[in-house]
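Number of protein chains: 6
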Amino acid sequence: MLLPVSTWQDIEAWLGKSRTIVIPIGSMEQHGPNGFIGTDAICPEVIVRHAESLAPDDMLVGPTFSVGCAQHHLGFPGTITLRPSTMIAAMEDWTESLMRHGFERIYWLNGHGGNIATIEAAFAEIHARRSFDPRGADNRPGIALKRRDWWDFSSVMSLCNQLYPTGHGSHATASEVSVTYHAYPDRARPEVKMSPKIAPSGTISDAVRYRQDFPDGRIGSDPTQSSVEDGAKIVAVAAEAVLEEVRRFAA
Amino acid sequence: MLLPVSTWQDIEAWLGKSRTIVIPIGSMEQHGPNGFIGTDAICPEVIVRHAESLAPDDMLVGPTFSVGCAQHHLGFPGTITLRPSTMIAAMEDWTESLMRHGFERIYWLNGHGGNIATIEAAFAEIHARRSFDPRGADNRPGIALKRRDWWDFSSVMSLCNQLYPTGHGSHATASEVSVTYHAYPDRARPEVKMSPKIAPSGTISDAVRYRQDFPDGRIGSDPTQSSVEDGAKIVAVAAEAVLEEVRRFAA
Amino acid sequence: MLLPVSTWQDIEAWLGKSRTIVIPIGSMEQHGPNGFIGTDAICPEVIVRHAESLAPDDMLVGPTFSVGCAQHHLGFPGTITLRPSTMIAAMEDWTESLMRHGFERIYWLNGHGGNIATIEAAFAEIHARRSFDPRGADNRPGIALKRRDWWDFSSVMSLCNQLYPTGHGSHATASEVSVTYHAYPDRARPEVKMSPKIAPSGTISDAVRYRQDFPDGRIGSDPTQSSVEDGAKIVAVAAEAVLEEVRRFAA
Amino acid sequence: MLLPVSTWQDIEAWLGKSRTIVIPIGSMEQHGPNGFIGTDAICPEVIVRHAESLAPDDMLVGPTFSVGCAQHHLGFPGTITLRPSTMIAAMEDWTESLMRHGFERIYWLNGHGGNIATIEAAFAEIHARRSFDPRGADNRPGIALKRRDWWDFSSVMSLCNQLYPTGHGSHATASEVSVTYHAYPDRARPEVKMSPKIAPSGTISDAVRYRQDFPDGRIGSDPTQSSVEDGAKIVAVAAEAVLEEVRRFAA
Amino acid sequence: MLLPVSTWQDIEAWLGKSRTIVIPIGSMEQHGPNGFIGTDAICPEVIVRHAESLAPDDMLVGPTFSVGCAQHHLGFPGTITLRPSTMIAAMEDWTESLMRHGFERIYWLNGHGGNIATIEAAFAEIHARRSFDPRGADNRPGIALKRRDWWDFSSVMSLCNQLYPTGHGSHATASEVSVTYHAYPDRARPEVKMSPKIAPSGTISDAVRYRQDFPDGRIGSDPTQSSVEDGAKIVAVAAEAVLEEVRRFAA
Amino acid sequence: MLLPVSTWQDIEAWLGKSRTIVIPIGSMEQHGPNGFIGTDAICPEVIVRHAESLAPDDMLVGPTFSVGCAQHHLGFPGTITLRPSTMIAAMEDWTESLMRHGFERIYWLNGHGGNIATIEAAFAEIHARRSFDPRGADNRPGIALKRRDWWDFSSVMSLCNQLYPTGHGSHATASEVSVTYHAYPDRARPEVKMSPKIAPSGTISDAVRYRQDFPDGRIGSDPTQSSVEDGAKIVAVAAEAVLEEVRRFAA
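Chains as they are written, first to last, in the numbering used here: chain X, 2 to 252; chain A, 2 to 252; chain P, 2 to 252; chain C, 2 to 252; chain E, 2 to 252; chain R, 2 to 252.
No wet-lab data here; the hints were simulated from the structure. A portion of the hints provided could be inaccurate.
Copies of one chain are not kept apart here, so a pair can be met inside one copy or by any two copies together.
Cut-off 35 Å, straight-line C-alpha distance, at most; resulting in silico cross-link-like pairs (DSBU-like, lysine-lysine) [what the hints assert, rightly or not]:
(1) K194 <-> K18
(2) K198 <-> K18
(3) K234 <-> K147
Take these sequences, add in the hints, and give me the full structure.
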């Protein structure tokens, strides 16, 4: 079930059988010369929605948390970021809202490496309430919060390694660009050339340095390899992995 | 141009000719027995995207700010809210990000009456920086921030009054449900009955009282009148009004 | 009863018969060449105190919340503002304090258009606590929060339109200056001339732009029409309207 | 000059000759069986305004910061408090506003012992900006912030000791009640009896314990000694001391 | 008992007999030409640990809160500060953690005058929770919070006056430097000369002014008098005073 | 050089030759039946100080950030935690203080897995300032922030695997207990028995669940293997690795 296009009665019925919800969480940041700014939000959303389409009764999908932690990409036009402290506050509010309705398990499918630290910090901030004051435990069970990065399933990693033995990279990767091309085939950019073919690698700090170190935005990748067809394959494998894991998480 | 499916080079090129961006801003909250929880995010997004399709060179559309101020709807499962203080912080971060790139005019197309106060408070919070310290003005022009509620164009109001002379209402309105049915025709719910046909009216405070006063979530509306066809008409009129206003705003 | 000059036993006795309190809320900001900086705090205070004098047993008046949201006036010396986020925190603390004592209904008589959004956002922030966690409802009833702008009674508006058919304006209005002259007749400034006689109109953003657009601080008004006598009339009509509305609100 | 009843041109003229402003700062809290809840705001306000009346050209008086830190008095109806963190934020905003206009010296005349720590913490928070980033010093001089408790002049203390050799106390003191009776003679409560005549002494923590330890709200005082006449004497002496100190501070 | 080198079972056992804990709290800031940057953290830590060694069963010592409010010293390399608002938040978290385990009395032995205001503001912030909502009192007793500045015992002050009849001073004092030399005799700096011998006195605001007014960092002191031997004497006297007071506080 | 026992002139001299500082960062939390509550603060502190002793001219060591993110351990007496949002604010203040003096590279040697996410989130929060407003870059270089977990050097991991082929674990590990025994040999607890010998493994959420899942506090470890001698070996290897890495980082 997709929460944004469901009624509250649908969700009430869902809660009669399950206490689990899946939230795609991404970022709005540059993805090099042929990748979309919304890549990191699009990927988990597309994967989760495909998973939901396979088993609509087994998965409730919430709205996409689409703007995350991308301060290091602000040197490139179009990037939008939250400060980590704002993101923690927003994730708290989402979680408190869902707990109000009786949700006890939230599975966040993450599309952005730069979100990982802040998502985990937000989990600790949320758990801290019950940890400080366990009296609430009598009335309200604790909340289970799980983060999964969509590329971090062994089946997905195997496929990506097989598709892109070189130049997969770590930002604006060949695989994520393929997933977005699968989602928006009309907007694919096969014509874009890049130089060097494989982007440099390095570490990340602030936006000024990032743009100096990675002039076209990519890190370690050659996304000219990306294609709509590859994207379809990756989405299929990832969706299956997500579906299986969510079923176990909900159990 | 749609920012989430553009590259950073596209946005760089856009900034060479315009300093304006449009942000749809909505809410994730119950909309009665036949309305979608995502109604208030879907409506401005659909309208803006239709406007953009009419004149892609005249409008840049950012990601949708899809979760807003909906604390009063928390009595109904599925509603997700930000606290106003969190929403102010998030809108500040979005705006600061966009100003970093050179945007000078942000047009927020709003889909939720409950967002109005917090959006305006956020504008004041953002303007306060330059107001406290105008020295920044030498380096960076002030930012123009404008909110428009999509239903608040005279052409749109006329059409809605004509389509729904009675039972248009103020929450889960006949018109907004039509717009979402137009966007997701497969999910329309013509079969849902409601009693009373026209929901009661009243004032809003917290979620406990809201559910007592408005048991099925609607306020003053009869959205059984809603239809895919009406939605198409409303979107067409609203998109035209938005396009015209954005052109003036950008000038 | 006036809280600041009452004892705690007086308030304890009041709570034995009523759960309602009235708070004047204003701003400290320039009001053009002949208006006082404290105009927006003085007006609701004077009106409420006059209302209280008519029926001391029917109205408890708290201290005046005298500094509000006035960032846009910071280009003019003497203006003092809170950021909206600070104002929300302060209104929360006032409300929590009053709830601690058993107050269940707070009526905020507002004197400043620029406060409206932040007052409403503060209400949502305050209500959000109970909305997120309704278990508190068993022990403590929800709080009723109402904002009324003093000029927004039909009787007051009629009188102002009659007194000032042209040049009433929207900032440093003829009516508010009259109310403050009535309160401080020795400080009235009948000698001040203005040019143009009726100030320009327009929209508001930050303080730099405000001063450019409205060089002497007024918006759309000709307050050279203001007088002590007019002020007395306006206060009489407004006080009556407030008294009647507070009685209904408290019931 | 009194800022709330001045125009912005008056303040602009003041800034041509002085960079100093005086802010009365108090609290809204119970003051025992015959003291007003507003005592701590009324006292510094009355003293400062009397001082200003003696030398209107030598002193600019801002609005009264009338609600301070009074959490320990919340056990008594009518008390209103800010949390210290809110009070720090509000004092920052007031100070930033005044610095925007060119004020360089702010003298806070304090009426409440419970405010002392938070006022000083707010000063440190405000100074920290320049301390962290002294580059601002080129454009904008540092701000001088001074707190004076009105009872803490040797002339005032001598007078109080002489008027009330026993039972002056530390909360709801004989002297502060006299000052408020002088300000509001019609509201004096000579008829109120107290038992014990001199209230107990002790330390302060939270509101629950405070009410247990100090059942009628007083600490160590016998304010049945208070009178309108004493208040006049105290105000005269305190105003003179304030005026002299402000002149030195401004120099 | 020293908490950092105890096990949780040790603390569980301690809580079986006592609800009191002692926290040394200091600062990390310049202390003139021969004083250590950590002076204000070292002093209370050394004193408390000596006290604990005299009666390990009577005193539980927590970790040292070693970085406090030192914005005014930022003009001197090595100083590290928290903003007051951050320090309040951190002290809240420490206190909430300790209350979770059943501690009911926290004795903060303070080593820095510049911390006093913020520590007291933090106490008020912490107490405010119970003051706003006393219902928690049924389940959880209030917390007793006490601050003691280590130099503020009469026995300690007598000794310091006797050891340093002139040039004790108020920052980088002869006594505190002696205490740190006693703690780290190998790092004593008998060779350092200072000019003037006794540093100037004055008031404190921000770091830019502090360095102008107190060029080598000292205020009013001549710490060339400091010695390891004096430090031993001071620690002995202070530790005894702390031990006695903690025993009374815990009773 | 050790900052807490240095003078400001020492740090000024250091800055003449280096812009790098090392900060040990840990936690105050239960470490099972024979581990100290301060383990995670003690380990990086001991290692860094040993490294400094090997090459005092090559390493400046700041104070230990000793209380971190340990909400999940609050079920065990003695644990003290910061909320992640507080920890971010405190790390910002430390970093801003150090940047004020001219430090450009901060190396945080971390002793607690539960700190990792929040440290990285704090880095992003700190970098965001320059990312949002790169104009600061002209005056002030960006800051380099690096986190290293002390156990995460290959030489250290090899040694630990060799010393504890089974039961090294992930909380209250055999190696960290050894390091603390080396630091405080008199407090070693060879007599403590544990059952089961190797603790269970699992995932972490809030404190209530943690204590249910890991009844004596350990995760996956058998720290009865720990010894003073092992600790010495580990410290030697880790200190060498830290020294080498800091030299490279500073270059």
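Quick rundown of the hints versus the structure:
{"no.": "1", "hint": "K194 <-> K18", "in the structure": "between (51 Å within a copy, 24 Å between copies)"}
{"no.": "2", "hint": "K198 <-> K18", "in the structure": "between (51 Å within a copy, 30 Å between copies)"}
{"no.": "3", "hint": "K234 <-> K147", "in the structure": "within (25 Å within a copy, 38 Å between copies)"}
When the structure is compared with the earlier hints, no violation turns up for any of them.
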